[in-house]
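Residue numbers (my numbering), protein chains in the order written: chain A, 46 to 413; chain B, 114 to 302.
Simulated pairs of lysine-lysine, DSSO-like, Cα-Cα distance not exceeding 27 angstroms: (1) A:K322 with A:K344; (2) B:K190 with B:K208; (3) A:K381 with A:K344; (4) B:K190 with B:K134; (5) A:K344 with B:K190; (6) B:K208 with A:K306; (7) B:K183 with A:K344; (8) B:K183 with B:K293; (9) B:K208 with A:K381; (10) B:K183 with B:K208; (11) B:K293 with B:K208; (12) B:K183 with A:K306; (13) B:K208 with A:K344; (14) A:K322 with A:K306; (15) B:K293 with B:K134; (16) B:K190 with A:K306; (17) A:K344 with A:K306.
Here are some chain A residues the structure puts well away from chain B; computed CB gaps all over 12 angstroms: (18) P57; (19) L99; (20) K381.
Bear in mind the hints are in silico, worked out from the structure with no lab data behind them.
All values reported here derive from a predicted model rather than from experimental measurement.
Glycine residues also receive a C-beta, built at the ideal position from the N, C-alpha and C atoms.
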Amino acid sequence: MGRAALADDASPWNPPPRFAPPDAASDEGGLWAMMAHEEQRLRRSQLLIRDAQLRAYLQGVTCKLGGEHCPDIRIYLVRTAWFNASMAPNGMMQVWSGLLLRVDNEAQLAAILGHEIGHYLQRHGLERLKDARSRATFATLLMPLGLAGSAGAFLAAASGFAYTRDQEREADRIGLTLMRNAGYDPREASVIWSNLLDEAAVHTGANLTSNSPMFATHPASAERRETLAQLAGSGGGDLFASEYLLHTTLLQRDLLDDELKRAEFDESIVLLNRLTKRSPERADLLYFRGEAHRLRNQKDDADLAQADFNSALALPQCPPEADRSLGFLHQARGEKAAARASFERYLQAAPEASDAAMIHTYLQELQS
Amino acid sequence: MKRKLTVLLCVTLAGCAAMGKIESGEQAVGDRLVVSLDGPWNQFNRGVDVPTWTVEGFTVDRLRFFVGVKDGDPIAKRPKGESEQRPLTFHSTMKAHEVVALFQGLYTQDGSTFTLDRIEPVTFIGESGFKYTYTLLRRSDDVRLSGVGYGAVHNGELTVIDYSAPRLGFFPRYREQIEKMSLGAHLRS
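Please model the entire structure based on the sequences and the hints provided.
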């Protein structure tokens, strides 16, 4: 499909009927057996987030988009702090938890799921598997648990299975159509890519595919973002922001914890700047942004961290760790009385904390 | 058949060359750290950037020694091809929590999930140091590991001994030995 055809969003597209399982004796049947085996492993994985309500919600969004294909698409939420989603040709869709942290509303989630469903409906994965090199790398991608080595190894494998530009454009276009049909605002699709490109921009001059699993399989560019915005037109439809936040609230702390543990503070600060702007009333976001600054510890980071911790502590439901972190900042500056006060408030709020003994030691040091 | 056997022999010998034996008794790790061992260990001679030992095999248990990491140096090299990722740099002003955060970053770079279970003060290599225990859900094989580490800063340089093994069976089997060895470790003057 050429660019001109893409720009003409009026051309009709109708989803295909449900796919019948392939003959077990065929090549395709062999691939299905391989995928079924890996899906069994995925179901048993300890990395799977098993929150039944959240899974039902994700499956529900998938069904709103996928229509009659809904029973054939199975969604699995995998605990990994990066933004990624992938679809196997047999309907096994994986969503990584880092994606949920970066999505602001149900319409943005639908944009990603709709795009992946687009790949499924057009059988792009199967087309790629006709190529032997892609087949080898796909086996790696398919197995979130069979990946030996580092993120770099995954990214190298992922880029080996990247869809073609035409396939990506087609999936984008179908995703937008599915969003519109389900009542979502299609303009949110370009917002996601815009946000991801902002995060990636911290790596000046870097190859995007070498940093992001999503970009490794879904090449991103400003041109793609602009095309999505153009195709979305003047929008219409809803964001369903409160529905999304309601269903992901319980997971937020784990998502933020995992994000910080990646130790990619430049990216995290870009992300948290956006999230705190979106939800300035949330003390947890201010605390985590402060932590990202404190741990990065460059230039004005200590001052920025302190400002965030103080703002967080003035809000309801502030994590007690904000006082602990404030104590570290005071301690580093030699402000002993302020450090003691902060550590004592932390221990008062979390007397059974896993680091309580260590904090007591700091308090003793501060007495001298 | 003869050719296959030759290839197999070559592969086996190459594998052996990558491993060395560490006998029980007092042993030096690098130039500085000295530990006393209750039993023998196997040492990796290739493919690792910090001294790494094992009893059961590389994919099962790992004992790693980060010795004399200087201010401004990374605790370990990033794997090839990941140069864009932020280096995990040690600074001598870091508190125990911040040092452990570096190890969190190291162990989660492949998408594994790290949970700090406990951190507490201990005396290690003659310094006021810290001990941390953690759980790691290893992404590569979906195995839940337990880990324990001892760390301290001496003359501005960081030393950490870190051991991890599958939570069931292996970790409890070696934990006591590791803790005794770590608490008895010292630096050569």
